[in-house]
Amino acid sequence: MNQISNIKWVAACNTADVPENGGVCALIQGEQIAIFHFARLNQWFATQNECPHKKQMALSRGMIGTQGDEPKVACPFHKKTFSLESGQCLSGDAFSIKTYPVQIENGQVFIGFEL
Amino acid sequence: MAKPKIVVVGNGMVGYKFCEKLLAKSNLDAFDITVFGEEPRPAYDRVHLSAFFDGKTADDLTLAPISWYEKNHIKLILSDPIVNLDTASKTVTSHHGIIQKYDYLILATGSSAFVPQIEGVNKRGVFVYRTIEDLELMKKYAQKARIGAVIGGGLLGLEAAKALLDLGIPETHIIEFAPRLMPRQIDMGGSQVLQSKLEDLGLKIHLAKNTEKILGENHITGMRFTDETVLKVDLLVISAGIKPRDELARIAGLQVGVRGGIVVNDYLQTTDNQIFAIGECALYGGMIYGLVAPGYEMADVVATNLTGGQKVFKGYDMSSKLKLIGVDVASFGDPLAGNPYAAGVDERGCRSIVFRDEAKGIYKRVNISADGKYLVGGVLIGDASQFGMLQQTVTNKILLPPNAEDLILGSRGAETGSGVMDLPDEALICSCEAVTKGQIYSQVTDNECFTVDSIKKCTKAGTGCGGCVPMVKDLIQGSMKKMGRVVRNIICEHFDHTRQELFDLMKIKKIKTYDLALDTLGKGHGCEVCKPAIASIMASLWNEPIQKQPAIQDSNDRFMANIQKGGSYSIVPRIPGGEITPEKLIVMGQIAKKWGLYTKITGGQRIDMFGALIGDLPYIWEELIAAGFESGHAYGKALRTVKSCVGSTWCRFGLHDAVTFAIEIENRYKGLRSPHKLKSAVSGCIRECAEANSKDFGLIATEKGWNLFVCGNGGSKPAHAKLLAADLDSETCIKYIDRFLMFYIKTAEPLTRTSVWLSKMEGGMDYLKEVVIHDALGMAAQWEIEMDSLVGTYHCEWKNAVETPEIRKRFNHFVNTTEKDPSVKFENLREQKKATW
Ligand code: SRM
Ligand SMILES: Cc1cc2nc3c(=O)[nH]c(=O)nc-3n(C[C@H](O)[C@H](O)[C@H](O)COP(=O)(O)OP(=O)(O)OC[C@H]3O[C@@H](n4cnc5c(N)ncnc54)[C@H](O)[C@@H]3O)c2cc1C
Ligand code: SF4
Ligand code: FES
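So the sequence lines, in the order shown, correspond to chains A and B. This note's numbering puts the first sequence at residues 1 to 115. This note's numbering puts the second sequence at residues 1 to 837.
No lab work stands behind these hints: they were computed from the structure. All values derive from a computational prediction rather than experimental measurement. A few of these clues could be false.
Unchecked claim - Below, in silico cross-link-like pairs of lysine-lysine (DSSO-like), each with a Cα-Cα straight-line distance of 30 Å or less: (1) B/K460 with A/K79; (2) B/K213 with B/K139; (3) A/K79 with B/K565; (4) B/K360 with A/K54; (5) B/K677 with B/K833; (6) B/K548 with B/K677; (7) A/K55 with B/K457; (8) B/K593 with A/K55; (9) B/K507 with B/K760; (10) B/K717 with A/K79; (11) B/K360 with B/K204; (12) B/K56 with A/K98; (13) B/K746 with B/K717; (14) B/K677 with A/K54; (15) B/K523 with A/K79; (16) B/K123 with B/K213; (17) B/K512 with B/K809; (18) A/K54 with B/K71.
To be verified - Footprint (simulated), chain B over chain A, 3 or more residues, beta carbon under 8 Å: (19) 20 to 27; (20) 31 to 40; (21) 55 to 69; (22) 76 to 85.
Just so you know, even glycine gets a beta-carbon here, dropped at the ideal spot from N, CA and C.
Isolated chain B, as found in the complex (with noise of 0.2 Å):
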């Protein structure tokens, strides 16, 4: 028998997805599979289009190679759209005059750009948002442009804004028709905090504002709106909505909507049941599905169904997360259900519940069943935390605590269930990939997948937007804790111990090598996961110079300097409390000048000097020790900087010298190793200049003495720091800080930061003050000991290495000759430098 020949039209997201998924139901070459696609490419992660412009390649974002559709026989044509559908001789044609016959046809065709019918829209400078294509032209034309416009509030709008502001477009506005952002989205509540925060990223926001005319010659220079006010543009992205592609439906007589969009039934069939129509040219319910979840679905579906399986579509939930803005922005379920402000109820008896605060930018809204029992939709802004757990709780139909306000508020009292493992098997975890809590619960207790990346490869959830994984790590950990085994975060496949276990270990046995430890403790070669683990352990422990065992050392770590772009180093000597006398100064002037250093003040209150090549580091480290510098660490997992304010010496608020005391601390603390970096900061009074609140450990001048902050983090999840002791006087300061340092030493999992750390510890803060204050484990006096210790055996590394002449020699970028790196190269940039890379 003929194997079935089956024709995809449409190379896209969707159309990828469908092979894939026919491809595992079926056997190799049990059916006759030919691509069409319009694009140059194979298909590619559309959805993440928009880091095109953070650096990422075409080839970055390819969702499979050429080669894997070869090797799957798949015959694959690109550059060559369909232009015709013979539904009576079964026949596509394509733009080159392909004929290929079909005994099943899918139609991918996706969507374009919906463009209104605006006067001058077809000027030079105005884009759309949609391929590769349209980015690579957009990045050309931007070179020019100053002022940047996005027609469009919504969800792909506010992307493409964010990516003119990534494009280096200083001025970006936003046109909105709507009185508000994201109409379809959030609410007037929630678009008002948005707006805010958008503003605070430097975009401007118009509303309610209706485009009439572009203006320009033969490109754009402005816009005209129906208020009779102009705006100078030299950029314009129209982001108004999506047209579904239908044109072969319409050549073929197939049905569609009044606006657009094939026709499909339960099985995503046409009017025609030999031709399915799957993704954002599909129209279902009425509705089209403008996202990637839903039209993996759809795919799944017909895949099903073609291999013998049965499957019907019932829709699809239409939550949405905005990613890349810089501000958390969700909504789930019905997001508009309910009234938030009448503080009555909408048609449906459904009322809303809604946590505003103007100061922090968060807005938080959930939607309530009029029965009180369920959760029906809402949305979050700057801070979309929970945006998991209430989307499955909307879609399971979770029964709601008595007091549904602590669904957004977080219970204030007693402990709470733990989330995940209170789903019910049949919730979705990955919408991507399609993937349930039961399928991976049953993958970890019948297959022992207890790692993500073993998750990942054997059931693909958490491969997609990679917006589940934190939940999928929780499912690994609380289904391992159902089976009865204890959850132990092993070091690596070299090392069956969680780090604070080889800690110990490495303590009482005095190991101070790392080939010792992995005889003694370990199995294997080791790895680049617990080489620099087992390194920053004896570094915390012995505090010898890292450079004797230079092969554990992280890159870093090694050559003790960042490596950045292009391969070469920065070199970040240490400024304690951020104070340096003009003579140094001037040193460093002219040493960067010599080595032809690209100098920068850095958020932690020094100066970097960028550009060094590996040969020049050992003699530009000696004549800044000779000028009377130290490391600054900046490339270790140790203490980095301790801020300061210029305190009661200059400032008139000032409560206390937090100059010296940041000084005194940096200097006690500096090149201490421990599992991530540590930060701190000392502010002269509750002003806070020196944003101690973000710090690892920061201080705040009182009348009465000092407020110790703990476990404050910047970074990607910003922590404000919580207050372990008030009104200190200086030496029972460092003496908590001791205590609290050596715990976290000890205690914490490689490269977690203080923050993290103290979010994963049992009893929270109150254990920690515990433990710190009171001295609940017995332990304070050993560790004000130790740390006593580790503070006596300071080093400055660069200055042992500088003096040892073998640790000098290996600063050289070939063993075999003194030539430089050719390919590291640069090119000016403001009177100074930057790697041409």
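With the rest of the complex left out, here is chain A (with noise of 0.2 Å):
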């Protein structure tokens, strides 16, 4: 991520408000990011909440994991998987997902967007 230069951080919510291993929605400037709090890997990710297959609002609510050592998120309605790093769509479909970088500061969590 740091390769990107123009990057504006927005403070999204509390690490607290968070579960680990699973994710929230942010509504931030009209979109809806998902963010998960990957524990067992003490990592963060955050990704668009849309998902691309039926267009349901719930990649958020999805349940997280990995794949080889890639981390994944499983949308509730059909199961499609994507990777939490490149968005890339891991069950074979040619659709992806937006992702963002994300920074953890004084217990809270920021969203980057590129400018």
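With the hints as a guide, bring both chains together as one complex.
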């Protein structure tokens, strides 16, 4: 994420608001962003909340996990899975999701938007 | 040297498959490939066209996106049909004027619907059923239509008729010229059984009827038949057969058949040997193959020969299976050989064996060769589960057993061989992709492809219509067994254990959290398969509130409600036995009204309230709980409902009090988590109004007590429950159910209903009886104690959630604002609402 130079960081929520190894959805500048705390990997991820499969606002309610070493989220609707790193669909479909950089500071979660 | 120029005319299913096969057999850029398509979109799955009415979009049906053609350097020109072919200059000319040279020309122009010359056939409201555009037009027009009709009772006609029903046209007629349905595939007896099944679906069928005129001014209002009768019709679909698209061949002077079709030889060459024809436009051996599998085989033959290989087309089996209509219909080999009525034989000496069960709507016919050694063909209606094996028996000329009737009746007595593993290596398992048993077997043994997914990836088997997937599964298991590998259905890449192993290990090690399970018994960081599976095991073992570990629950369990279209949730309070007081009904109505919920009586004898916003769930439940309701676990793999009939309290036939017993049972097992959902019912007499025979466990009153049935299933693969024990008193009944349920909970694989669990159990029902009734495993006493402890630790999950502030907090769409999800929207429907989506 450091090769992106112009990033605006927007506060989303407190770290305590996000369940360990689960996700929440934040409304930021009119966009729905899914934020995941992958506690087992000690990492944070953010993606669009909308699942591209049937355009359901649901990814934040999906289960996270890994496929090999790739962290992923499964949409609760039809269990399509997406890489939390690249956003690529891992279930063999042609679509992908947007991912965003995340930073944690003083117990707050910040999401990075490209300018 | 210049690269050979290959031009493909037609970007349909077969044209696309040809490109795919050609690329797979050659280097990128070995050829210069140009494809012309008449339709505006890249090739799509025409076989599943009807799914378009089922919510599938044009994109879903696309075989490969435009980017695929780009990536593979194929020039794809859409919406531009070829209008001229000049064999002297070896060029084709498109409608927009592109002149393209070719070295090899592939005609894959398919066919169009054959429209008989009926007076008035050009009126508005008359459609054909071939392309996405046809369906889009129909869909629009159908909104105004109340009576629909289809000319043609063949494979496609029936599919079109079902589509009309699905489009919401309340009255749909099928008009067939022949005296029976699907005249080319099935016989009179099969047609009769099929007809009554279709009539049950609401279709009206007219046989031996010849349409004379389409009535109406500009648009259709009715049809008149040669027998002078008239039918009112608002929308008509013509599905009277196909007409090969051989226009270009005619222009160029290539040989075509008397009834159309481009004549080809064993190499699919036309009378100009640089020009090939494949798919539904090709006439091979006097025959048009109107199915996709032979088209794919033709594509393979041409692609093989153009890339230096050697292959000839040898004709193709025309077995077919009707999909979508809700009735199994299949025919294979020569379905009409033999003579099912006259006890004798047909002119070749073939004879038929017929099994017909009017009540169940099953008709099966197998045709046997004169010497009694081989299967020649047959028909299956109402139950086509044997289709795969029977078709294999014909194509591979497998010797028949001494009692050929076993083929359709199942062997009565001794067990027979396992099926797929007995097939020869050349047996075609996946006919869409032409994958043989031998290929799959060697992928399993040489490359360790142990899952259907990996077989799909390396052989493409099962990626077409998907009909062969069950056979592929059996083949994988059979091949693994043959390798001496123990077949274990491990949970996923994170746990190298079967569910039963995990269940026992977690019990011994007293594991109560998912993370501990993963750290001590698994590896990696889990996934959407093992998380809910372990959550379910822990719930069955310890019965702790599932909200303790929300992140490993399936979304529905996590929010204790089923997520529905658009992202709203449904609420189903428990209504044990379907009995409810007027007071409770009133409260429910008031709550639904207050929170704007859509209400419906479910098939499980209770009331579902749809359209709740996630943030409102705790508030709604708070009110329901205050009125005495509990969670109905409609979201969980848990006991759902115990249906009841009114029984002896009101019904004049009732032998025992079915309602009281149903309520007792529902209250005993409510909240019980299991590998899949559990359903039950209690009927007060043999008339069986509560449908206990279709449940995981069901009770039917007898003069002397209760008959206990188990392992029934509704759903897509209905199974009749089987009698476990007869004439039980209530206490023994519960004892047996306890044992049965614990046995199931411990040993079933994840998401396996009891019927499927039983079907895979070695020893089947006899063994189950041994275990449950005669305690063959010596576990009965322990299971009863365990069940008692689960019953004793029951709690209403919603009560617990509503009363715990930190759990309540989770019920918000957004974490950073109390705003509601703006994407959830509703519109009105019959004085209630529905999700706009
Ligand atoms: C509401 C209801 C339909 C209705 O309006 O009547 C219904 C609705 C759903 N059913 Fe059902 N089923 C309903 C009765 C049935 C019945 C009839 C019955 O229970 O008597 C059956 C066939 C009987 C059986 O299960 O053996 C039935 C067989 C299924 C199946 C197929 C199960 C199978 O073994 O093949 C599924 C899919 C699954 O569970 O994987 C399913 C799944 C679903 C889901 C959960 C699909 C989903 O994920 O959204 C639907 C949830 C709706 C909701 O949000 O509440 N539903 N479903 C019925 C609720 C009954 C209840 O009070 O709890
Ligand atoms: C509703 C429906 C259900 C079906 N169900 C089944 C089933 O269950 N099982 C089964 O095996 N088969 C089924 N079929 C048949 C199957 O779809 C066909 O066998 C298959 O599509 C044939 O492939 P094709 O490429 O030869 O023809 P098509 O898929 O029709 O493709 C031909 C393409 O060529 C284009 N074309 C024609 N002329 C030109 C030209 N001059 N220039 C450029 N382009 C041209 C056409 O517009 C078309 O796009 C079904 C068909 C329909 C309509
Ligand atoms: S049959 Fe059941 S799962 Fe299917 S749409 Fe109806 S309610 Fe939903
Ligand atoms: S909507 Fe996400 S998988 Fe279907």
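Hints, verified against the model:
1. B/K460 with A/K79: Since the Cα atoms of B/K460 and A/K79 sit roughly 22 Å apart, the hinted pair holds (cutoff 30 Å).
2. B/K213 with B/K139: Judged against 30 Å, a Cα distance of about 24 Å means the pair holds.
3. A/K79 with B/K565: 15 Å, holds
4. B/K360 with A/K54: Outside the cut-off at roughly 38 Å; violated.
5. B/K677 with B/K833: Answer holds: B/K677 to B/K833 is near 28 Å, not above 30 Å.
6. B/K548 with B/K677: Roughly 21 Å between the alpha carbons, so the hint for B/K548 and B/K677 holds.
7. A/K55 with B/K457: Cα-Cα ~27 Å, so holds.
8. B/K593 with A/K55: 29 Å, holds
9. B/K507 with B/K760: 24 Å, holds
10. B/K717 with A/K79: The hint holds at about 22 Å.
11. B/K360 with B/K204: Status holds; Cα separation ~20 Å.
12. B/K56 with A/K98: 24 Å, holds
13. B/K746 with B/K717: Judged against 30 Å, a Cα distance of about 23 Å means the pair holds.
14. B/K677 with A/K54: 26 Å, holds
15. B/K523 with A/K79: Measuring from Cα to Cα gives roughly 21 Å; hence the hint holds.
16. B/K123 with B/K213: Given pair B/K123, B/K213 holds - Cα atoms ~11 Å apart, limit 30 Å.
17. B/K512 with B/K809: 24 Å, holds
18. A/K54 with B/K71: 26 Å, holds
19. 20 to 27: holds (count 7)
20. 31 to 40: It holds, with 4 qualifying residues against the three required.
21. 55 to 69: holds (count 11)
22. 76 to 85: Check passed, 4 qualifying residues.
Checked against the numbered hints above, the structure breaks only hint 4 and satisfies the rest.
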